[in-house]
Every structure is written in structure tokens, then in C-alpha cells.
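Trainee: Single-letter residue listing:
There are 2 protein chains.
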Amino acid sequence: MRIALDAMGGDQAPTEPVAGAVMAARELGIPVTLVGPRVVVSAELARYSHDSLPVDVVDAPDQIDMADHPVQAVRRRPGASMNVGIRLVKEGHAGAFVTAGNTGAAVVAGLFGLGRLPGVDRPALATIFPTAKGHCLILDIGANADCRPHHLLQFALMGDRYARTVLGISSPRVGLLSNGEEESKGSLLVQEAHQLLKGADLNFVGNVEGKDVPRGLTDVVVCDGFVGNVLIKLAEGIGEFTFSLLRDEIGASPIGLLGALLLRPALRRIKRRVDYQEYGGAPVLGLDGIVIVAHGRSRARAVRNAISVAAQAIQGNLTKALAESMLAVPPKLPPLKAEG
Amino acid sequence: MRIALDAMGGDQAPTEPVAGAVMAARELGIPVTLVGPRVVVSAELARYSHDSLPVDVVDAPDQIDMADHPVQAVRRRPGASMNVGIRLVKEGHAGAFVTAGNTGAAVVAGLFGLGRLPGVDRPALATIFPTAKGHCLILDIGANADCRPHHLLQFALMGDRYARTVLGISSPRVGLLSNGEEESKGSLLVQEAHQLLKGADLNFVGNVEGKDVPRGLTDVVVCDGFVGNVLIKLAEGIGEFTFSLLRDEIGASPIGLLGALLLRPALRRIKRRVDYQEYGGAPVLGLDGIVIVAHGRSRARAVRNAISVAAQAIQGNLTKALAESMLAVPPKLPPLKAEG
Numbered sequence: 001m002r003i004a005l006d007a008m009g010g011d012q013a014p015t016e017p018v019a020g021a022v023m024a025a026r027e028l029g030i031p032v033t034l035v036g037p038r039v040v041v042s043a044e045l046a047r048y049s050h051d052s053l054p055v056d057v058v059d060a061p062d063q064i065d066m067a068d069h070p071v072q073a074v075r076r077r078p079g080a081s082m083n084v085g086i087r088l089v090k091e092g093h094a095g096a097f098v099t100a101g102n103t104g105a106a107v108v109a110g111l112f113g114l115g116r117l118p119g120v121d122r123p124a125l126a127t128i129f130p131t132a133k134g135h136c137l138i139l140d141i142g143a144n145a146d147c148r149p150h151h152l153l154q155f156a157l158m159g160d161r162y163a164r165t166v167l168g169i170s171s172p173r174v175g176l177l178s179n180g181e182e183e184s185k186g187s188l189l190v191q192e193a194h195q196l197l198k199g200a201d202l203n204f205v206g207n208v209e210g211k212d213v214p215r216g217l218t219d220v221v222v223c224d225g226f227v228g229n230v231l232i233k234l235a236e237g238i239g240e241f242t243f244s245l246l247r248d249e250i251g252a253s254p255i256g257l258l259g260a261l262l263l264r265p266a267l268r269r270i271k272r273r274v275d276y277q278e279y280g281g282a283p284v285l286g287l288d289g290i291v292i293v294a295h296g297r298s299r300a301r302a303v304r305n306a307i308s309v310a311a312q313a314i315q316g317n318l319t320k321a322l323a324e325s326m327l328a329v330p331p332k333l334p335p336l337k338a339e340g
Numbered sequence: 001m002r003i004a005l006d007a008m009g010g011d012q013a014p015t016e017p018v019a020g021a022v023m024a025a026r027e028l029g030i031p032v033t034l035v036g037p038r039v040v041v042s043a044e045l046a047r048y049s050h051d052s053l054p055v056d057v058v059d060a061p062d063q064i065d066m067a068d069h070p071v072q073a074v075r076r077r078p079g080a081s082m083n084v085g086i087r088l089v090k091e092g093h094a095g096a097f098v099t100a101g102n103t104g105a106a107v108v109a110g111l112f113g114l115g116r117l118p119g120v121d122r123p124a125l126a127t128i129f130p131t132a133k134g135h136c137l138i139l140d141i142g143a144n145a146d147c148r149p150h151h152l153l154q155f156a157l158m159g160d161r162y163a164r165t166v167l168g169i170s171s172p173r174v175g176l177l178s179n180g181e182e183e184s185k186g187s188l189l190v191q192e193a194h195q196l197l198k199g200a201d202l203n204f205v206g207n208v209e210g211k212d213v214p215r216g217l218t219d220v221v222v223c224d225g226f227v228g229n230v231l232i233k234l235a236e237g238i239g240e241f242t243f244s245l246l247r248d249e250i251g252a253s254p255i256g257l258l259g260a261l262l263l264r265p266a267l268r269r270i271k272r273r274v275d276y277q278e279y280g281g282a283p284v285l286g287l288d289g290i291v292i293v294a295h296g297r298s299r300a301r302a303v304r305n306a307i308s309v310a311a312q313a314i315q316g317n318l319t320k321a322l323a324e325s326m327l328a329v330p331p332k333l334p335p336l337k338a339e340g
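Chain order of the listed sequences is A and B. Going by the working numbering, the first sequence opens with residue 1, and the numbers climb by one from there. Going by the working numbering, the second sequence opens with residue 1, and the numbers climb by one from there.
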């Protein structure tokens, strides 16, 4: 199944998306449809010898920029690469849509173009986060700033299915982010959500604290989109800060510089292990179709990895798995009592 | 003015608190009253030549442990070192109370024993957080999991005064933690709080994202206690993770080990710069008296630094400054219209 890729998404479009598409096609054999202004994209593609590669172009004359207001931009620009790409998924020409563009717009375009799965009130944005044990999935990381307890339950169920289907974890440990491990800790939202998760068909390990996330205590971390967004951006900021501290302090002495030279391979391995580029982007879960959002600063390798994740999601039949997970959600009102 | 120190607070009590008290008295000339079971504390103190030091002991036969339920423990154990220490402040025998014990219990003991300042609905726990520019103050970090907009306004005003009075910043930049910089971003709570902060007598710089915190974009970061708690614990976890990654990757090769040896002074400087022990504990703001909570794992140096912060708070007349800051809060109901 083809992957539709937003050739105009991200800070370095179309160069890096096109390079990433070529990489995915060449290295992984994944067919990719580049979506963007045909002349621009074709010219970029012409820089590679791509005749034997399964890469083609679908024209989309318009585009949505990082600074655009998601809802307005999606509504007013039907010809934008994001809308055209989503339409390719809707009409069955592609199995998934990948973009490194405006995250909010990607969620909105997916919502308008594909709709929600039955039983999903709010699609969630999930991301892979590096931990001491490997990595975990965190959701929601920004699609929903204000949540109700049953939204967190839906996130938990979708996160569980994503971990099974795409990450290949057989019984994912699901944790609820809180300000204390005890069941009684947490905001009112989290306390109520705790009870719902406890009653759900999940390997629910209870509340986890901020420090438990990088420790890798769970495979799935559930939170509202406000907290999740603060969390991943804080981690990004701390990463930057740590590397700048290392640079400053190491540069302060010749011996430090020599030490740094000797440590370079180790530091490179570390950077690679915590680099978002390796993880391939954030899936939007709960839509009737697969949408993967890569980081706005994605280079070719990150785009390639996002395409690879999209292909795994298609192969694992993610959308069907998510739809099934929602059948486990109890209806919000108790059913009328049956007679007898 | 004397500082009352909980000799039984923290994972390594009474050893480390007593050592910290001796250190503060010896190095900084700060008078300290150790609060705990007289026999135990005096025996510990006898290990130091302290005759010429301004350190004394006040008996408190009971104690509150880390695992105790805050409200129950504070209510049921009037003779606990925490309650006795707070009483010393209430009765004017000490100018501040410092503890490395159960944080929740310290807040509750302060609330019950000292009461709130007029105009403060919820006392907040604040902490110093290392940034690329030095450090910032974050509040609330856990006293209030559920907040209303006017609580965040009170936190902002108190944080501003703390930064002026104790940190010596003349016009602290105050930021509101959100999931986007734009005024329209954030949960409903944050959107409403944004308007209140905008109208207040503050150097309000608007919303800040998670990544802006370690970047040091503001001197004060305002958030609810749930998000604040997740934030500081995540930072703690990432710190641990980073150092364990360094250990693993460096240990993987002899050249790496040599590099690490050469880098040791630089790494030690970094560790020191981001070490909570250097920052001296978290003030509880909004009580009618000064209470400083040090990290549960505090060693002597951290206790000494917490005592030093308490002394600075007394010197800066923190409680009076906080009370004055509350005068700037508009009353929740509009006053009856005056005639004429």
C-alpha cells in the first residue's frame, strides 16, 4: 500500500521530505506518493535517479504553513497538500498520510477529511519517548488541552492497541500520569480516570510520576494534551540545555576538549538514542485512517522513519485494531435494564 | 533570627539535618534550633565540637514519616518535630521553619499552625529550577492539583515577590506555562489565568512552553500543582537517565573511559549546576510565616543551603512582601457602586 507524503510539510520542505521519500522507497521498498505543487516537487525529485523507484507525484497547488491557524487554513485551502494527501487516504489511493507540517492542521485535516472512528470522542496525538528501558508511547501530547475522564480512557485503549499493533509489545503496561503513585493522588480528572482505567481491559499498572516516564516503568503513558505537550517540550528543552552545558563546560579547558574528542562516539550514540528523528513521528489516533505527523524540523532520515512507521501501521491493520478497542468502552449511560 | 530545623525530616535524619545545621552555623553564622527527640538529637550533635556555635535543641518526642498521610499525621501528632517546629515560628521563637521531611505534611502543618496570609486562597510550593540563563522559580509544584484561574494569579504575584525579595531580581519576568505561546493557547484554566495575569501589576511576558523553562526565558513560571509536579519530577528523571546513559556509553570502550576521566571536572561542574542540593529547598508561599521544604534526599550541604534560603527570606521580610502582593488582587466580586 502506498504512503501519501506531504512534500510541502516541515521547515525544510520540499527538500527533506522528497529526500526522505526517495530514501524510504530505495531502502525499504515502500511506495510513496509525493503531494505538492507538481512543478516544484518534480524538480526536486529530478535530483535523484528515481526511475526504478516506486515514487510518484500528485499535484496539490496550495499549502498550509506552520504559522497558519489550523481550522481556518484547512477549511479555506482545499488544494493544500495536507487536504489533498488526506483525500488520497479517504479515497483509498494511499494507506496512510505522513506530514512534517503544522501539527494542529494535520489533526484538523484528518478529522474533517477522514472523520473519527466510532466511539472515539477526541482523536489523540501520540509520540514515542526514549526511556532507560527503550521507549514508551505518550498520549495525548497536544490535540486536547481539556479532557474528561472518559477521554483518557479512550487514549489508554488506543495507546494499548498502537503499542500492540505497531510497536509489537504483547501486553503493554499502561500508566496514568499523576503527581503521586497512590490511587488517591492526582487532579480530579486523573482520580476519576484512574477508576475507569482500573475497570478496563488493560494491563493498567496505576499512576506513574514524571520521573517514571524516562525510567521506562510503562510502555504507554496516558495524560491530557496540555500536560503531555508540556512534558515532551520540557524534555526537548532539557536535551538542548544538557548538550549546551556539555559544550560550554567541555570547551572551558584543553583537557576537556581532548576528553570530548575521545568521547565523541559515545556522545553520538547517546544523541542517536534520544533523537526524535529516529522515532519516526507521532500518530494521530482515533481517525478513520492513518495519519503520522513528523517533527517540523525533520530531515530526510526522520521523514523516512515516519514513512516506515506508517507502513507498519498499515501492515498491523491499525485502524481496525483501534476501532475494535473502542468496543471495550462502556456506554456513557447505563443501558435500560433488560427484563427477566 | 533563629531558624527552626526539623532534625527528624528526610531520608537521612537525624544525621544529615544535624550536620547541615552545624555547617550553617559554622560557615554562615546562622543560629539554628534543632527540633526532635532531645536524647537522639543531642547525641548526634555531640559528634561535633559545637560549644561556640549558635545551635540549640528543642524537644519534640514524635515524628512524621515520609509515608504518613499528611492531614492525619499532622492532626494526630502534636508532638511531632514538624508541628513543634512550626509552633516555634508561630510563637516568635524562630523566624522560619526548615524541613527535609514529608512535603505534604509540611504544607499542612504550616497551614494549620500558621494559617494563610489574607487574600491567599491556596498556599503554593515553589522551587528553583536550573536553566541555561541561571535559574527560575516554578510554582505551584504540588500543593494544589486542581486550581482556578485566580489561584494562578495569586501564585504569580507571590512568585514575583519571592523573586524580588529572596532571589534579588528587580523586575522578574513572569511566564504562564502553556501548550503554546499564543494567548489563545492553553487549557480553559490557563486561558482565563492569562487574562488575569495580563491585567495584574506584573512583568508578565505571556505564555511559555515546556522547552522555554530550561531555556530560561522567564524568572518565574506559573502553573497548577499537577503540571508543576509532573514537570519537576520529569526533569529529575531525565537527569538520572542522562547520567546513566553517559555511564553506559562511556563504559562501553577504554577510549571512552579515558575521555570520561579527562572530562570529570567538567561533568562535576555540570552536575553541580543542575543539582537540587545547591538550590536550598522549596518555599511554601502564602502562609503567615516562612516554611522551606528541602528535598527528602538532602545531605548536609542541601540542608545548609535550605537554612541559608530561610535566612534570606527572613532578611528580605518575605512574609510582609507576600502579604502586600495580595493587596494587588482585585476582589472576586465587584464592590457595590459608590454613589456620586
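By construction, these hints were calculated from the structure, which means they are not laboratory data. Hints may contain errors.
[Said to hold, decoys possible] Which bits of chain B does chain A cover? Going by a derived footprint, with three or more residues having C-beta under 8 Å, they are: (1) 7-17; (2) 106-116; (3) 192-198; (4) 227-236; (5) 309-316.
[What the hints assert, rightly or not] Dumping the calculated DSSO-like pairs for lysine-lysine here, alpha-carbon to alpha-carbon at most 27 Å: (6) B/133 x A/211; (7) A/185 x A/198; (8) B/198 x B/211; (9) A/271 x B/211; (10) A/271 x B/271; (11) B/271 x A/211.
Here the structure is a predicted model, which means the values were calculated and not measured. Glycine residues also receive a C-beta, built at the ideal position from the N, C-alpha and C atoms.
Trainee: Now look at each hint and say whether the structure bears it out.
Mentor: Consistency of the hints with the structure:
For the stretch 7-17 of chain B, the proposed coverage by chain A is not satisfied: 0 residues have a C-beta within less than 8 Å of a C-beta in that chain, short of the threshold of three. Counting residues of the stretch 106-116 of chain B whose CB lies closer than 8 Å to any CB of chain A gives 0, so the stated coverage by that chain is violated, three being the minimum. Under the rule that three or more residues need a Cβ within less than 8 Å of chain A, the assignment of the stretch 192-198 of chain B is violated, with 0 such residues. Under the rule that three or more residues need a Cβ within less than 8 Å of chain A, the assignment of the stretch 227-236 of chain B holds, with 9 such residues.
Under the rule that three or more residues need a Cβ within less than 8 Å of chain A, the assignment of the stretch 309-316 of chain B is violated, with 0 such residues. Of the supplied pair hints, the one linking residue 133 of chain B and residue 211 of chain A holds, its CA atoms being roughly 24 Å apart against a limit of 27 Å. Distance hint between residue 185 of chain A and residue 198 of chain A is fulfilled; the C-alpha atoms sit about 15 Å from each other, no more than 27 Å. With a C-alpha separation of about 22 Å, the suggested pairing of residue 198 of chain B with residue 211 of chain B holds against the 27 Å cut-off.
Between residue 271 of chain A and residue 211 of chain B the alpha-carbon distance is near 18 Å, which keeps this suggested pair within the 27 Å criterion. Proposed proximity of residue 271 of chain A and residue 271 of chain B is supported: the alpha carbons are some 19 Å apart, at most 27 Å. Straight-line distance between C-alpha atoms of residue 271 of chain B and residue 211 of chain A comes to about 18 Å, which keeps the hinted pair within the 27 Å bound.
Of the numbered hints stated above, those contradicted by the structure are hints 1, 2, 3, 5, listed in ascending order.
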